[in-house]
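*Asks:* Chains as they are written, first to last, in UniProt numbering: chain Z, 1 to 256; chain P, 1 to 256; chain U, 1 to 256; chain H, 1 to 256.
The hints are simulated quantities; they were obtained by calculation from the structure and are not laboratory data. Glycine included, every Cβ here is placed at the ideal spot set by N, Cα and C. Be aware that one or more of the hints could be misleading.
Among chain P residues calculated to face chain U with C-beta under 7 Å, some are [claimed, not checked]:
1) Arg-8
2) Thr-9
3) Arg-10
4) Arg-13
5) Arg-22
6) Gly-46
7) Glu-85
8) Ala-86
9) Ser-89
10) Val-249
11) Pro-250
12) Tyr-251
13) Glu-252
14) Glu-253
15) Asn-254
Computed footprint of chain P on chain H, listed as stretches where at least three residues anywhere in the stretch have a Cβ under 8 Å from a Cβ of chain P [stated by the list, open to error]:
16) 65 to 71
17) 74 to 85
18) 93 to 99
19) 230 to 241
4 protein chains.
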Amino acid sequence: MRASSPPRTRIARHTEAAVYVRDYDLVQDLIGKLSFTEMIVLQLTGRMPTALQTRILDAVLVTLMEHGFTPSSIVARLIYDSTPEAMQSAVAAGLLGVGGTFIGTMEGAACLIDDILQAGEGAEARARKIATEHAQRRNPVPGFGHPFHKPDDPRSPKLLALARESGAPGRHIEALELLSREVDAAFGRHLTINVTGAVAALLGEIDIPQKIMRGLAVVSRAAGLVGHIHEEQELPTARHVWGLVQREVPYEENPR
Amino acid sequence: MRASSPPRTRIARHTEAAVYVRDYDLVQDLIGKLSFTEMIVLQLTGRMPTALQTRILDAVLVTLMEHGFTPSSIVARLIYDSTPEAMQSAVAAGLLGVGGTFIGTMEGAACLIDDILQAGEGAEARARKIATEHAQRRNPVPGFGHPFHKPDDPRSPKLLALARESGAPGRHIEALELLSREVDAAFGRHLTINVTGAVAALLGEIDIPQKIMRGLAVVSRAAGLVGHIHEEQELPTARHVWGLVQREVPYEENPR
Amino acid sequence: MRASSPPRTRIARHTEAAVYVRDYDLVQDLIGKLSFTEMIVLQLTGRMPTALQTRILDAVLVTLMEHGFTPSSIVARLIYDSTPEAMQSAVAAGLLGVGGTFIGTMEGAACLIDDILQAGEGAEARARKIATEHAQRRNPVPGFGHPFHKPDDPRSPKLLALARESGAPGRHIEALELLSREVDAAFGRHLTINVTGAVAALLGEIDIPQKIMRGLAVVSRAAGLVGHIHEEQELPTARHVWGLVQREVPYEENPR
Amino acid sequence: MRASSPPRTRIARHTEAAVYVRDYDLVQDLIGKLSFTEMIVLQLTGRMPTALQTRILDAVLVTLMEHGFTPSSIVARLIYDSTPEAMQSAVAAGLLGVGGTFIGTMEGAACLIDDILQAGEGAEARARKIATEHAQRRNPVPGFGHPFHKPDDPRSPKLLALARESGAPGRHIEALELLSREVDAAFGRHLTINVTGAVAALLGEIDIPQKIMRGLAVVSRAAGLVGHIHEEQELPTARHVWGLVQREVPYEENPR
Numbered sequence: 001m002r003a004s005s006p007p008r009t010r011i012a013r014h015t016e017a018a019v020y021v022r023d024y025d026l027v028q029d030l031i032g033k034l035s036f037t038e039m040i041v042l043q044l045t046g047r048m049p050t051a052l053q054t055r056i057l058d059a060v061l062v063t064l065m066e067h068g069f070t071p072s073s074i075v076a077r078l079i080y081d082s083t084p085e086a087m088q089s090a091v092a093a094g095l096l097g098v099g100g101t102f103i104g105t106m107e108g109a110a111c112l113i114d115d116i117l118q119a120g121e122g123a124e125a126r127a128r129k130i131a132t133e134h135a136q137r138r139n140p141v142p143g144f145g146h147p148f149h150k151p152d153d154p155r156s157p158k159l160l161a162l163a164r165e166s167g168a169p170g171r172h173i174e175a176l177e178l179l180s181r182e183v184d185a186a187f188g189r190h191l192t193i194n195v196t197g198a199v200a201a202l203l204g205e206i207d208i209p210q211k212i213m214r215g216l217a218v219v220s221r222a223a224g225l226v227g228h229i230h231e232e233q234e235l236p237t238a239r240h241v242w243g244l245v246q247r248e249v250p251y252e253e254n255p256r
Numbered sequence: 001m002r003a004s005s006p007p008r009t010r011i012a013r014h015t016e017a018a019v020y021v022r023d024y025d026l027v028q029d030l031i032g033k034l035s036f037t038e039m040i041v042l043q044l045t046g047r048m049p050t051a052l053q054t055r056i057l058d059a060v061l062v063t064l065m066e067h068g069f070t071p072s073s074i075v076a077r078l079i080y081d082s083t084p085e086a087m088q089s090a091v092a093a094g095l096l097g098v099g100g101t102f103i104g105t106m107e108g109a110a111c112l113i114d115d116i117l118q119a120g121e122g123a124e125a126r127a128r129k130i131a132t133e134h135a136q137r138r139n140p141v142p143g144f145g146h147p148f149h150k151p152d153d154p155r156s157p158k159l160l161a162l163a164r165e166s167g168a169p170g171r172h173i174e175a176l177e178l179l180s181r182e183v184d185a186a187f188g189r190h191l192t193i194n195v196t197g198a199v200a201a202l203l204g205e206i207d208i209p210q211k212i213m214r215g216l217a218v219v220s221r222a223a224g225l226v227g228h229i230h231e232e233q234e235l236p237t238a239r240h241v242w243g244l245v246q247r248e249v250p251y252e253e254n255p256r
Numbered sequence: 001m002r003a004s005s006p007p008r009t010r011i012a013r014h015t016e017a018a019v020y021v022r023d024y025d026l027v028q029d030l031i032g033k034l035s036f037t038e039m040i041v042l043q044l045t046g047r048m049p050t051a052l053q054t055r056i057l058d059a060v061l062v063t064l065m066e067h068g069f070t071p072s073s074i075v076a077r078l079i080y081d082s083t084p085e086a087m088q089s090a091v092a093a094g095l096l097g098v099g100g101t102f103i104g105t106m107e108g109a110a111c112l113i114d115d116i117l118q119a120g121e122g123a124e125a126r127a128r129k130i131a132t133e134h135a136q137r138r139n140p141v142p143g144f145g146h147p148f149h150k151p152d153d154p155r156s157p158k159l160l161a162l163a164r165e166s167g168a169p170g171r172h173i174e175a176l177e178l179l180s181r182e183v184d185a186a187f188g189r190h191l192t193i194n195v196t197g198a199v200a201a202l203l204g205e206i207d208i209p210q211k212i213m214r215g216l217a218v219v220s221r222a223a224g225l226v227g228h229i230h231e232e233q234e235l236p237t238a239r240h241v242w243g244l245v246q247r248e249v250p251y252e253e254n255p256r
Numbered sequence: 001m002r003a004s005s006p007p008r009t010r011i012a013r014h015t016e017a018a019v020y021v022r023d024y025d026l027v028q029d030l031i032g033k034l035s036f037t038e039m040i041v042l043q044l045t046g047r048m049p050t051a052l053q054t055r056i057l058d059a060v061l062v063t064l065m066e067h068g069f070t071p072s073s074i075v076a077r078l079i080y081d082s083t084p085e086a087m088q089s090a091v092a093a094g095l096l097g098v099g100g101t102f103i104g105t106m107e108g109a110a111c112l113i114d115d116i117l118q119a120g121e122g123a124e125a126r127a128r129k130i131a132t133e134h135a136q137r138r139n140p141v142p143g144f145g146h147p148f149h150k151p152d153d154p155r156s157p158k159l160l161a162l163a164r165e166s167g168a169p170g171r172h173i174e175a176l177e178l179l180s181r182e183v184d185a186a187f188g189r190h191l192t193i194n195v196t197g198a199v200a201a202l203l204g205e206i207d208i209p210q211k212i213m214r215g216l217a218v219v220s221r222a223a224g225l226v227g228h229i230h231e232e233q234e235l236p237t238a239r240h241v242w243g244l245v246q247r248e249v250p251y252e253e254n255p256r
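Please work from the sequences and hints to get the whole structure.
*Replies:* Put into structure tokens, the structure is as follows:
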């Protein structure tokens, strides 16, 4: 039973004169000393970030922030127009789209990487089996392929190179690259490592557990959505989008 | 009519081989070169951040991230327990609490500061009038007072000092401090500049418009909530909270 | 201080063998005996509904459910496509659009009606003052005018007639019609009582307080959104909408 | 590819003088003629409801509306307190909890029922296999068992009897009862058919597809949450809950 241990928290406490986060004095030890990214690592892990963690997490958060007009950003703009008095609703609505369809592939890729790593000396065989099974069932491999960026997603080689140059241990990256070779062989053509695959490997390199990875994508996208909301304040598009949909999705009678 | 200009966006576009954000090539110019905080400034303003913007925004985002068990973090944990397959829902639900009650004071403080700044040479008179009117109506002054931190919210002097040491122009800070003196005089006792007041002044110093300030609080809190969700994965509290509320809020019969 | 009274609830309690809602035994007294609409009245007011309350609330909930492709329904469909494993997220995201822009007018109309009713014998003068002030400031009058339905919103006369025929006391309706005459006079042309104005009057007739009216619109729209989500399961539009927006909102360079 | 057919909608359209829902004239044919529940059926299925559909759906919506202080209602109250200017946010936040943990069992039960029905003459063997496999793996059977209501969830026999008395065809109910006998045998003790199991069978009886069932629970709960929000307006509990959690979840130092 999950709730059997007595409830407790290690995140924050305060006194009349101080706020403590993860045992650190917010005013004395954190404000002005940590970047936002460093604070995210501390908040999430309970430990001060290493230089590698900060460098990789910055790269990941920068990469995931923005993709132009996506379902999330369209949603945020429409909701902002409907309720400008509650901007947080627009961000929240947009974030609700950071779900299985788009971010599930990052988590799926992280699972495959963990799976290969746990196979130890059998890693290559494990990677081959994963690739072969997906190819036979014609299933997409999480973290591979891209509908638009061809032959390669430009973000992935950049992220992998950055992690290596920054001194990442490299085990998760190697597992991903091993899987990549087997995927190309099993499918008989080159499938790019896409950005979600690369991000899964990078977050693995800095010890972010698979089960919380989605949360970091959510934080990065939140910042992206705030940018869209601010643009909506200056260059509104929501009413135009609404009219567009009304015009372009015709009505047809119900079958009786 | 807001939608009269043709709709357009300046945020992002992509080609087969590249993604551009605010005209910059994401892979060549941004990943590995900008911190998350710097990318937030670029995304929001369309311009590369100054060192001052980055330093102040980092301080603000670090400050606002975490306050322990607040309505937002309690909500995020309860929703995560109800739908662990959709972690983004837990973040979104928690963010819906970053509304008028808690963050409205930051926006209110920013309005007062803008109001004083626009008064030009009449700034002191304007500040006195604001303070007096609030005191006479016994209205709380946005950005002043704290239910718990006394005599002073420890975060505020830290933030103001950091901004000054970092070379902020100081106009918004001075307006806030001018208002502070008038508030103390009008109320006949010391009311602390609280964290929302200090943040309003700091964001003003780096040219963040009042109307988008709430969005930055939302981003910071999103990161805080992800920390709470991760702790809920390891040290669950949601079922305990549920039981606690059921026990502690008794039923009483309906008046007929 | 709002929380000064000891916390308690009058909504529901349960034992091993029974569930009670508003003191009634759910199994013995409510299931199979009350319609959903009747149960909504009981849940909201703590009292069994009158025939008038049920008839009017049914009419209101039927009226507000559906308006085709609105920001809310577009949002619900986009989010459903992004996270089909969490359908409730799609409903929730769509409901976040039931905010000030669209439903605020219903609340505004209810406020005006309450205002006129409280004027007692001065009702006519009060209505004239409201109409004149709005006309002079060229402010829209909440509950009046419609961008598309002309000369009259067809739903409003139907709702008002239905309430009268059902034996509504008529005070709120009369106040609305009084205001309508003064609005036409003050603006020098006919402005239709729109659906939000009519609904505000009808809910007032059955003693629904202004401050919870929005909640009933939210319930009705929730049902509408579930219909859109089910259509999205059968006749998907979300990917088409996404593509449409990407094509139709061009990118332009940032001013430097 | 899901979006291959041209996008279209059969839900609603409007002209200057009329609104049509599912081809029906809203003003002429629906307002004042349909109850909210009947309109929900029309909106969802595109067909006028049968008497059986209305009777069963009313019973289901009445049953699911209210369970006292649940995660959803606690969340709605906390968010309402944080943002009373955006009541829809409180409903939306609460609905985000209508996810896998609580409503997944209804969908799981509907899947098992569909599975048994598709087995045709092999239904008994299929039910036995399902029960045995769950018992062997010590997995809970969706739709069976209740942590609090013992020996039987009082709502389930009521709902099943009501459906039978109302003339439901009975196939889904029989499949559920067949499964119930096999579950008791396989587990060696009586496990109650719980409310989610009974609701799954009832919705199956009126041709509501499994994949949209969750949506109806969401609508019912939306109405329940509006009741909680209105009670929060009159008898506030949110601040008390917040204080309770802060007191009862102690801080402990982080392991280093």
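*Asks:* Each hint should be assessed against the structure and marked as holding or not.
*Replies:* We went through each hint and held it up to the structure:
At a threshold of 7 Å, the smallest CB-CB gap from Arg-8 (chain P) to chain U is about 5 Å, leaving the interface hint in force. At its closest, the beta carbon of Thr-9 (chain P) sits 6 Å from a beta carbon of chain U; the interface hint therefore holds under the 7 Å criterion. Because the smallest distance between the Cβ of Arg-10 (chain P) and any Cβ of chain U comes to about 5 Å, under 7 Å, the interface hint for this residue holds. For Arg-13 (chain P), the interface hint holds, since its Cβ comes within 7 Å of a Cβ in chain U; the closest pair sits about 4 Å apart.
Satisfaction of the interface hint for Arg-22 (chain P) is found here, the shortest Cβ-Cβ separation to chain U being roughly 5 Å, below the 7 Å cut-off. A distance limit of 7 Å between C-beta atoms decides the matter here; for Gly-46 (chain P) the minimum to chain U is near 4 Å, and the interface restraint holds. Because the beta carbon of Glu-85 (chain P) sits about 6 Å from the nearest beta carbon in chain U, less than 7 Å, this interface hint is met. Restraint check, Ala-86 (chain P) versus chain U: the minimum CB separation of about 4 Å is within 7 Å; hint holds.
The interface hint given for Ser-89 (chain P) is met, as the beta carbon of that residue sits about 5 Å from the closest beta carbon of chain U, less than 7 Å. With a cut of 7 Å, the hint placing Val-249 (chain P) at the interface with chain U holds, because the nearest CB-to-CB distance is about 5 Å. Look at Pro-250 (chain P): its Cβ gets to within about 5 Å of chain U, closer than 7 Å, so that hint holds up. A cut of 7 Å between beta carbons decides the hint on Tyr-251 (chain P): the least distance to chain U is about 4 Å, and the hint holds.
Interface hint status for Glu-252 (chain P): upheld, as the beta-carbon distance to the closest one in chain U is roughly 5 Å, under 7 Å. The closest approach between the C-beta of Glu-253 (chain P) and any C-beta of chain U is roughly 6 Å, which is under the 7 Å cut-off, so the hint is satisfied. With its C-beta approaching chain U no nearer than about 4 Å, Asn-254 (chain P) sits inside the 7 Å limit, and its interface hint holds. Requiring three or more residues with a Cβ within less than 8 Å of a Cβ of chain P, the coverage given for the region 65 to 71 of chain H holds, as 4 such residues are present.
Only residues whose beta carbon comes within less than 8 Å of a beta carbon in chain P count, and the region 74 to 85 of chain H has 9; three or more means the coverage holds. Look at the region 93 to 99 of chain H against chain P: 5 of its residues bring a Cβ nearer than 8 Å to a Cβ of that chain, three or more, so the hint holds. Using a Cβ-Cβ cut-off of 8 Å, 4 residues of the region 230 to 241 of chain H lie near chain P, which meets the minimum of three, so the contact claim holds.
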